[in-house]
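Peer 1: Residues per chain, in single letters:
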Amino acid sequence: MLYREAGQFKSTYAEDQQIFPIRQDRIAVAALLLVAFIVVPLLANQYWLSAILTPFLIFALATLGLNILTGYAGQLSLGTAAFMAVGAFMAYNFVLRMPWLGVIPSFILAGVCAAAVGIVFGLPSLRIKGFYLAVATLACQFFVLWAIQRIGWITNYSASGVITAQKIVILGYVFDTPARKYVLTLAIVAVMALLAKNLMRSETGRAFMAVRDMDVAASVIGIPMMKTKLLAFAISSFYCGVAGALFAYTYLGTVEPEAFTLDLSFRILFMVIIGGVGSILGSFLGAAFIVLLPIFLSVLFGAISHASGMEISHAVVSNLELIIFGALIVFFLIVEPHGLARLWQIAKEKLRLWPFPH
Amino acid sequence: MNVAFFFEVLIGGLLAGVMYSLVALGFVLIYKASGVFNFAQGAMVFLAALTFVSILKMGINFWLALVITLGVMVVLGIGIEKIVLRPLVNQPPITLFMATIGLTFVLEGLSQLVWGSQPHGLELGIPDVPMEWLSQKWNINVSQFELFAAGVAGAMVAGLALFFQYTRIGRALRAVADDHQAALAVGIPLKHIWAIVWAVAGFVALVAGLMWGARNGVQFALTFIALKALPVLILGGFESVPGAIIGGLIIGASEKLAEVYVGPMVGGGIESWFAYVIALMFLLVRPQGLFGEKIIDRV
Amino acid sequence: MSIDIGTHDTFPKLLLHHALVRGALPAIREKDLGIWQTWTWKQFADEARALACGLAGHGFKRGDHLALVGDNRPRIYAAMCAAQCLGGIPVPLYQDAAATEMAFPIQNAGIGFAVAEDQEQVDKLLEILPQCPTLERIYYDDPRGMRHYAQAQLASYDSLLELGRESLARDPAFLEGEIAKGAGGDTAAMFFTSGTTGNPKGVVLTHHALIDRAQAAAEMEGLNDADVVLAYLPPAWIGQNIFSYAQPFVTGYCICCPESAETVMTDMREIGPTYYFAPPRVLEALLTQVSIRMEDADRVSRFFYRRFMGIANRVGGAILDGKPVGLADRLLYWLGDLSTYGPLRNVLGMSRVRVAYTAGEAIGPDLFRFYRSIGINLKQLYGSTETSVFVCIQPDGQVKADTVGPAVPGVELKFTPSRELVIRSPGLFKEYYKNAQATLEAKDRDGWFHTGDAGYFDADGHVKIIDRVKDVGKLADGTLFAPKYLENKLKFFPYIKEAVAFGDGRDRVCVFINFDFEAVANWAEKRNMPYTGYVDLASRQEVLVLVRECVERVNADLAQEPEVANSQIRRFLILHKELDADDGELTRTRKVRRAFIAEKYATLLDALYGGKDTVHIEMQVKYEDGRTGMLAADLAIRDAKTFPPAAAKRAA
Amino acid sequence: MSRAQQVGEAVLSVQGVSLAFGGVKALQEVSFDVHEHEIRAIIGPNGAGKSSMLNVLNGVYHPQKGAIRLRANGAWREFRNMDSREAASLGIARTFQNIALFKGMTVLDNVLTGRNLKMRCSFLEQAIWIGRARREELEHRRAVEEIIDFLEIQHIRKTPVGKLPYGLQKRVELARALAAEPRLLLLDEPMAGMNMEEKQDMCRFVLDVNDHYGTTIVLIEHDMGVVMDISDRVVVLDYGRKIADGTPDEVRANQAVIDAYLGVAH
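Quick note, the sequences are listed as chains W, P, X and E, same order. Offset between the first sequence (1-based) and my numbering: plus 621. Offset between the second sequence (1-based) and my numbering: plus 3. Offset between the third sequence (1-based) and my numbering: plus 894. Offset between the fourth sequence (1-based) and my numbering: plus 6.
This is chain W alone, in the form it adopts within the complex (with noise of 0.2 Å):
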């Protein structure tokens, strides 16, 4: 209905080619962007960009790193908050030792280390598959956060493990404030998410997807299996790292263990599932759910014992959300097992064919 393509055509295999072949959708991602970018952080309040819409952004990040394993190359991890860790504790050791090496640069760096990581524990995907490579990811999941405990030269040998996050400074400029920190933020993960998007949509995308769909046949047309496998481990590592970097420096503050425990590593994964296997725009759906739904219940949960009176503890409100939380997962599984990204797939569909049904 929105959509009026006709007339759109493509006369060269660039324009084929391009992420948006279609007008109105440029323009509604333009906008989105100027939105994101100006807009926002003029008009919104701390609790907003500080508690919702950074940590939407840097979960959407890691969504997409897991994505791109999980979703793209068809291997089930449930490290990813162990990546988030390395990421978040090399970027604390990179600002902390190379002060001269600037923030960017060192969280590029963490992200490194990240991949490097990842494809130490992505060797076992050469030879197991489903979920005994899920639960191997597990290893990686508790040793490293082990490691980050044991290991004082990480910590730098502060007491609690707790340690604050670093001054975040580009080119002398700070960025403290949560506006600030949020465009920063935004726009690495909009930079990151292109190249994703660049990355799943040539040759390496394509050789992810066919070893997910029939690792046989990929490897009679010529993909190298080792190769491929180990890249995309590291590839969705690196988005991680950043990703904990970033969740270290632009959201808590802080850099501690605690942050990264295995339950961060099964949000993410709800994220890829509800937002949909396979998709770039999923990522970003599935993290925006994962992230509004618990705000969503305990404005709800508030609004009810507001308007009923009665007070509902704590403890019950929490096992409430708990309880909602798990149901809602369920349901979603059962109604869209292909995520929001599906949904969004049908509801374009129809728009394009509009006044026809299909």
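Keep in mind the hints are simulated off the structure, nothing from the lab. You may find that some hints are simply not true.
Pairwise CB distance ranges (calculated) [what the hints assert, rightly or not]:
no. : chain 1 : residue 1 : chain 2 : residue 2 : range
1   : W       : V837      : E       : H161      : 28 to 34 Å
2   : P       : P95       : E       : S24       : 35 to 41 Å
3   : X       : K1328     : E       : E15       : 55 to 61 Å
4   : W       : R963      : X       : L1229     : 30 to 36 Å
5   : P       : R89       : E       : R138      : 51 to 57 Å
6   : W       : R963      : P       : F9        : 56 to 62 Å
Nothing here was measured: the structure is a model prediction, and the numbers come from that model. For glycine and all other residues, C-beta sits at the position ideal for the given N, C-alpha and C.
Got chain W; can you put chains P, X and E on it based on the hints?
Peer 2: Okay, now just chains P, X and E, sitting in the frame of chain W:
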């Protein structure tokens, strides 16, 4: 090095391993029958233990409480199968897996909502003290309770074995595990089977819950023992009951030994991951696990 | 912006002009290998010039004919212009014609050169080679599957182009000279009209005729080089050729060739033409598709669709004509445009259409109104091959469903006593090739062309066509009988695809009817009526009733018009098979060949007039897969209610 | 059959290949050769070892005995156990008996994967999607479109293969194999499970490919009919042994073959 101490550790490890096996069994049963990797097993254990204790606390006698809890678990198992898994049939395994994680949250929330979240002690009347004669004779300290737990575990495995061998349902179950089509062909309604399996899993969870609850107290931490069971599973293979037992023993023993002999060198706390590393090492050599069959890629 | 056709008096000269002034603009696009491959005017000109030199190299001389056999493809059009560069005469042939049908034109014009699109077309030409000794060279565009062919006549288009490029490089002056030699009076092209009877006639048209008419129409509609046209009808048909060759050469707009016949819809949607031409049957098919697809929509959207279409039907046309419309209606229409018409135009690929023509046969008022009501400026056009198409066009704001509009500037019109429309226009053809006698019959000494169409001027001087003069007959009682007029009125019902009316010299009017299988099948499913196929449906009571209602509504209609009130339809039958051009029952342009049908189905005709109410028929039928089989059926014959003439009513 | 490239001399020779799974002898001492530009059929009743033979040819299985010899630019090279990737890089492409397409991807992407060995850019370049990587991607798109056009699957270019009917999937798989511009094309029962019309189409395409690209083709099929018409020479396997080798007519006349197909007890 002190041989007696070594054996003490070893036996302790083996017995701890049995405890792992108890949990692992629950996973195996369900995976075998319905190919679902039921991450909620840990939560079920927690729920079982918590329910049982809470009922005891109401002053109901032990056996009655046991029966009631068993009832609850069976109903729960069947409910899960009907509400969660039936609608997801023919979905890719990962989807089912995710569903069980969602389920975990529900169960955790539910049990604490109903019974409150404060920890309870659980007294089965078997003291967690070393066996005198052993300690006197060889100066090896082995907990009575752990022996008892081992006994229970052994009994349950035996029971399950008999159940599989000699009951119609049991045989049906094996048929399903081997080949769903075949099972259908011989006229066994799959959904019944699955319901039953979940019920049985509930029972196993109860037993595990009692043992672990009695050992570490009934508290939220119980949910994490699922994580303890996972290495056992990859070691023993998701589909093999004996695998679960042997795997448990290996993990338990090696973990304890490592904890005692290797731990200090690296600053301790290695039990959180050591089991996984063993399992992993093992997998790299034998991808299909201890008892799993070899997978051949057909072209 | 209109260019001086005095100096640029031939197509090659026009091409060079465009290559000069708008060399970088797209001249022609083709959907190939997944994208719209584009030729600029410069590339087009270079291709044509090189090709011309190639042809010259193979001995193609001034006055030679070049047969073009293929679908709309850039290279076919390039070849067309190449021939003209050398003062040769391109002769486009219908690509879907059978080999035998191709033989006549080639023999008639003694054609020596041919450009064929692909293996399929080459095979046809090779098949008739024995009957066509003059045919010396065949150039094929698509080399797919051509490797095995050893025939001496064959050469690839590319090789020809190669040859041409070399010789062009060697001596560019030659071609310039050849082009300069060309004059407006020279023959530009020859189109064979698939005559309803006898052999086709080669219509000879000069550069001046085509260019002048193309120019006149272009100025009338303000066409310019920003316009876009989809070339999807046979290039051998003047109707297509004028829009995809003559007019772009005059105005410099871009034409687009679909990937294949199957993908026209999607390709049209992608391209979004601004200038569109479609014969009524195409528009009809589109509308049928729309309604069928809307049937599948859910209740709510169907409801809104109906409501908004209702509004459009009421005020859409008026708004398009710029007539005064109430504010409330304008608002509603605006909403409708936002939610329905706009999206509909979009999915039809007509969002950008500024001017749309329909012609070739009469168009149903409902059909016509539908397109105008959703905001597409669809207009009627009258013309023929002999007149370089443009004779009458409805100017914006004076559009009617039942006329073809007033004369285009430069055209003189009048009606002979026998109601025949005769024309004098710069666009008239030179002659029928090697057929002086036919030429004389068609074009009298004072240069009036006898169209053979019967009709009259309506109140505002618009031409109204009712039928072919030769078909206009008299019933036994002497009242006027215009079969085509009746047939069209019947065909305007969505359920009726073809109709053949008889009555000349008889006491009453009877018709054969083909219902529209798609529409009726759909109708049957809605009533969950099981059926096995066309023949089965044809024998159903319900269908007979359905058709009878249509016939009776036509009768009611006829009763209102004094001249034809007495030629109401008394009896009809539903044919057991769909009339088909391959069986010679229709012309390639899907006009019914009444005489032929009357002869072929004499038994049925006798039954109709013999007063029987069923008739048994057996006949050979050809199935899609080429097999033939016997088909036997009992056809029911029904009487239709007739109405007293309006005049009589008034009297009463 | 007249054709563009005349059949040349041998490019591939299989020498005394034996393959066994555990106790099962899939192939025993099988030897034959394949000439350049020819269409070579391997036929035989079910379980004759045809698929195993093909899997040996492109390194999916490794024979216990015997060797594969390939002639690459003039020189012969011998392989005992090459892996399937090596085979691919040597210009051997194949299709599978039960379609092995990438279900989650569009037709276009599936075919594009066939060109992965020709892609040179690093993943970093691809991520940035400028200059070389972009150019490379677009060039390969062009090349792939030629093949899509050749096999007449333009209309489904952007449909996910999962949604396609069986016959078309087979064609897409052929396209993917062709995208690698192979010297040697292995077709594993290309006509299995097709109706007569689809079979004819597929035959036409196989012939066209062989003719237009001059690709050497080895195809296996268990029903003799179709294959006999399109192949230059035929190897017949039965119970893992070669029982006949020659032109279709020779093979048809061969008693052992007739027995094998009529199922005479061995």
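Peer 1: Hint by hint, note whether the structure agrees.
Peer 2: Okay, the hints, checked on the actual structure:
In this structure the hint that V837(W) and H161(E) lie 28 to 34 Å apart at CB holds, the actual value being about 29 Å. The hinted window of 35 to 41 Å between P95(P) and S24(E) holds, with their beta carbons roughly 40 Å apart. Taking the beta carbon of each, K1328(X) and E15(E) are about 59 Å apart, inside 55 to 61 Å as hinted. Our hint of 30 to 36 Å for R963(W) and L1229(X) holds, since their Cβ atoms are close to 31 Å apart.
The supplied range of 51 to 57 Å is met by R89(P) and R138(E), whose beta-carbon atoms lie about 53 Å from each other. Here the CB-CB span from R963(W) to F9(P) is close to 58 Å, well matched to the stated 56 to 62 Å.
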